[in-house]
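Undergrad: Each chain, letter by letter, is given below.
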Amino acid sequence: MDAVDVIVIGGGLVGSAIAYGLGRCGRRVTVLDGADDAFRAARGNFGLVWVQGKGAALPPYATWTRGSQTRWPALAAALREETGIDVQLRQPGGFHLCFSDAQMQQRATMLQALCDELGGDYPFAMLGHAELAAKLPGLGPRVVGASYSDMDGHVNPLKLLRALHAAAQRRGARFVAGQQVDAIEPAAGGYTVRTQTGRFDAPRVVIAAGLGSRALAAQVGLNVPVRPNRGEVLIGERVAPFLDYPTTYIRQTEEGTIQIGDSHEDVGFDDGVRADVLAAIAQHAVHAFPLLAQMKLVRAWGALRVMSSDGFPVYQESERCPGVFAATCHSGVTLAAAHVLRVAPWIAGGAAPAGIEPFSGARFERAQPSLQPVH
Amino acid sequence: MESLFRTDVPAGAPRVTIEFDGAPFSVPAGLSVAAALLAAGARATRTTPSGHAPRGPYCMMGVCFECLVEIDGVASRQACVTPVRDGMRVRSQHGARVLRVVAEGPSR
Amino acid sequence: MTDDLYDIAIVGAGPAGLAAATLAAAQRARVVLLDEQASPGGQIYRAIADAGASRIDLLGPDYAAGAERVRAFVGSGARYEPNASVWQASAEDDPHYTLRYTRDGGSRALRAKRLILATGAIERPFPVPGWTLPGVLTAGAAQILLKSAGTTPAVPVVLAGCGPLLYLLGWQYLRAGVPIRAIVDTTTPDDYRRAFAHIGGALAGLPTLAKGLRYLRTLKRAGVPFHRGARAFAIEGDTAARALTFDVQRARQRIDASLVLLHQGVVPHSHFAWSLRAQHRWDDAQLCWRPVTDAWGELDVRGVFVAGDAAGIGGAQAAAEQGRLAALGALAGLGAIDAARRDALAGGPRASLAKLMRIRPFLDALYRPNDEHRVPADDAVTVCRCEEVSAGELREVVRLGVPGPNQAKAFTRCGMGPCQGRLCGLTVTELIARERGAAPSAIGHYRIRPPLKPLTIGELAGVADQAADAPASAPPAQPHAAPA
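These protein sequence lines are chains A, B and C, in that order. Numbering follows our numbering, in which position 78 of the first sequence is assigned residue number 78; successive positions increment by one, without gaps. Numbering follows our numbering, in which position 71 of the second sequence is assigned residue number 446; successive positions increment by one, without gaps. Numbering follows our numbering, in which position 16 of the third sequence is assigned residue number 499; successive positions increment by one, without gaps.
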């Protein structure tokens, strides 16, 4: 049996992106993926490839995000070429809607501060209602305006996951489903990963197991303080195209379905939905676009974001167990390009990419009180 | 094309007139819109949003969602769970429906 | 809008729901029965209250029996909510249950201490080439049409598949003077041989058997062309059905038909139980998922019961007995009756139910649908009608390593349409099982969530207004707009 270079624990957006990136570096990879009905943040993603507003509390995150966004077209093209799957990347710019003058002011101030931090490489504009209505037909009267950035866009997150699985496998990665990992143990030649049903050996291991990363990371001396944060999403029926741009909580997919997602709930490991939350999301959607009131809601779901204590990613190699890495974030779509093109080569043994240092889990030991995540 | 189905009600039984894609039909009262359309000669009552494939009623009990039509200006209604009403205007639904921009009225 | 709290809320006004509601109301419980239709009866007794004598006679004695059941319910004092499309059954108000439903363009809610899900059965999907063409309907659909203003085929019709409903429909059509071009039956001598092993049970259900044989005899005597042992169905046509083709003993046959009625049995309509995350098990004799219940029909979700075909196919009479047992179980749980009274009242229904179910193994074996009609060999066949996903695309993602229906759904959109897997769920479970060499029980089922039926965003938004008006019963979660 061929030796494996890297075991990736987790076949979600982070794990499969890293697996694909490792394949591009010529590494042989085994991906251990969970059961069909496991909590999978990867299947609960909204699909935004989004930059504006991120990292207000930590500007390096804005830079890191920007670095992924600019590389996204290359990722989409590579996936298309290697798998035939079009992940439907569209980057027409995006809007963050505001419903009061105060919100507009707050938003403008925050974005300007980020722009200044990033030395001006941060295009954005504030639009009033009339200007906005020209771009967003059907805009409701309650919308005062919006911030716009041409950095922003969206993609089909499920096609992305499928394409990453396919591309990684074409590059030789082996995906093993139904695996629940219990332990990572040092062994001759690297590490042994023990699951409920088997064991897997490799010199390097990546913990990209979403909410399961915390426990596994602790085994190798890494601090990955992630908690579930539920978001609920409404999916409407397919309608004729009317929304050409994504907004932060409403977008129209290529298939024509309307996706509305807008909650942050601290409910533990519960990916169900609540009628009052769904209703509030629906009401907020109708405030933005009154015509949505006619649309049929076909399905709704809750998904658990993998939320670290400060809301920012964790990328770190263990000191106690060199060769074991943790990689987790809650923006697996936006950061997919970074994961494929910058994080994977580092895991393969290359230099750490510029700008990744602030995301080490060591920051949590610097005794910061737990901050409310701002994104 | 001839009608696939016909109804059979006593001579004096109440009837209503509905319109399907602009053409008027007299149908027994109390029928579902789907049954009325089948009895009025319809075969396909919509085309699918993705493949534009013709579809007609299939299960008649509200489970398959093949019988989606526009009724009195409201799209995506299940014809098989909606009873006919005199003067009802039914239109077949071609592909994805169009959301009509509502007049900017009082906000909710 | 009002915050009523019932003792028992029942979903579905077929035989199970009617019997449950009638019994519970007789024991003075506060009962509400919700149903999507305008009048009680479910599918089997559809429109019975308005049916004239000649239609009742045409449809036969099983239909006629429903009239008394409906009358008993109407006089029982239970509240009846017709035209109600239930979109959520929720335990959010623990220990009570909330049912949300739309009616007249708005969403309403009611609460109950106990729930009885009597949501009946739906036709088994029949994924063969051409099954999505206009002019192809289910036998169940044809029966519903018959019950609706006596709507019958105006063109020669082909009945294809297997199962007692097919012969019943044929018999009803014969009596209505409808020309039947052919009955194309998939039942083989092997099916009879396998069924014979359960002949004891069949004899216990002799009246049912005799009825079925009578229908067949009548059809044969009338000269209706019969094709037995038919396999590999395909329906021809571009924009509408034109012909049914099939194999009999490896010879391909073709029958011109613009109207093809398919049927290969019915399966539980169990979306409500799935949405409550109740445990289910795969039943290999009935080739479907069944909720795991105790002797009263209670799920592992405390306080929720399933009765009738939604618990497993048993027919209308068995459904009524299960409805009675569920009502008794719920009443005892509420403390409305004590265990001794519950058991005393349950004696009759339990004995009847046992007797009625003895024929099931025989029928399940005799009318077992063909493998190829459950899992299409032809990659081009549409499995998911709503999203137009083919068997081939599903096989492709299984090759990609997809372990079950939920990942398959994520990768292909299969099951994402308005029917939410009602017409593709069983096919997908069995197809993945076949491709992976695993048992359906190991493969699992779609995750089912509300809305169980679509409602508009406007109707849903209206729930937020109601929540603002009503006194808070549980602290609501605080959603807020997410900054990017």
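Note that these hints are calculated values from the structure, not bench results. Among the clues, some could well be false.
To be verified - Reference listing, derived: stretches of chain C covered by chain A, where coverage requires no fewer than 3 residues with Cβ under 8 Å from a Cβ of chain A:
#: 1; region: 639 to 649
#: 2; region: 831 to 845
Stated by the list, open to error - Heads up, incomplete: computed chain B residues facing chain A, CB under 10 Å, no partners named:
#: 3; residue: V391
#: 4; residue: P424
#: 5; residue: A428
#: 6; residue: L443
#: 7; residue: S451
#: 8; residue: V456
#: 9; residue: P458
#: 10; residue: R460
#: 11; residue: G462
#: 12; residue: M463
#: 13; residue: R464
#: 14; residue: V473
As the structure is a computational prediction, the values presented were derived from the model and not from experiment. Backbone N, C-alpha and C define an ideal beta-carbon position, used for all residues, glycine too.
Undergrad: Output the indices of the hints that this structure fails to meet, ascending.
TA: 1, 2, 3, 5, 8, 9, 10, 11, 12, 13
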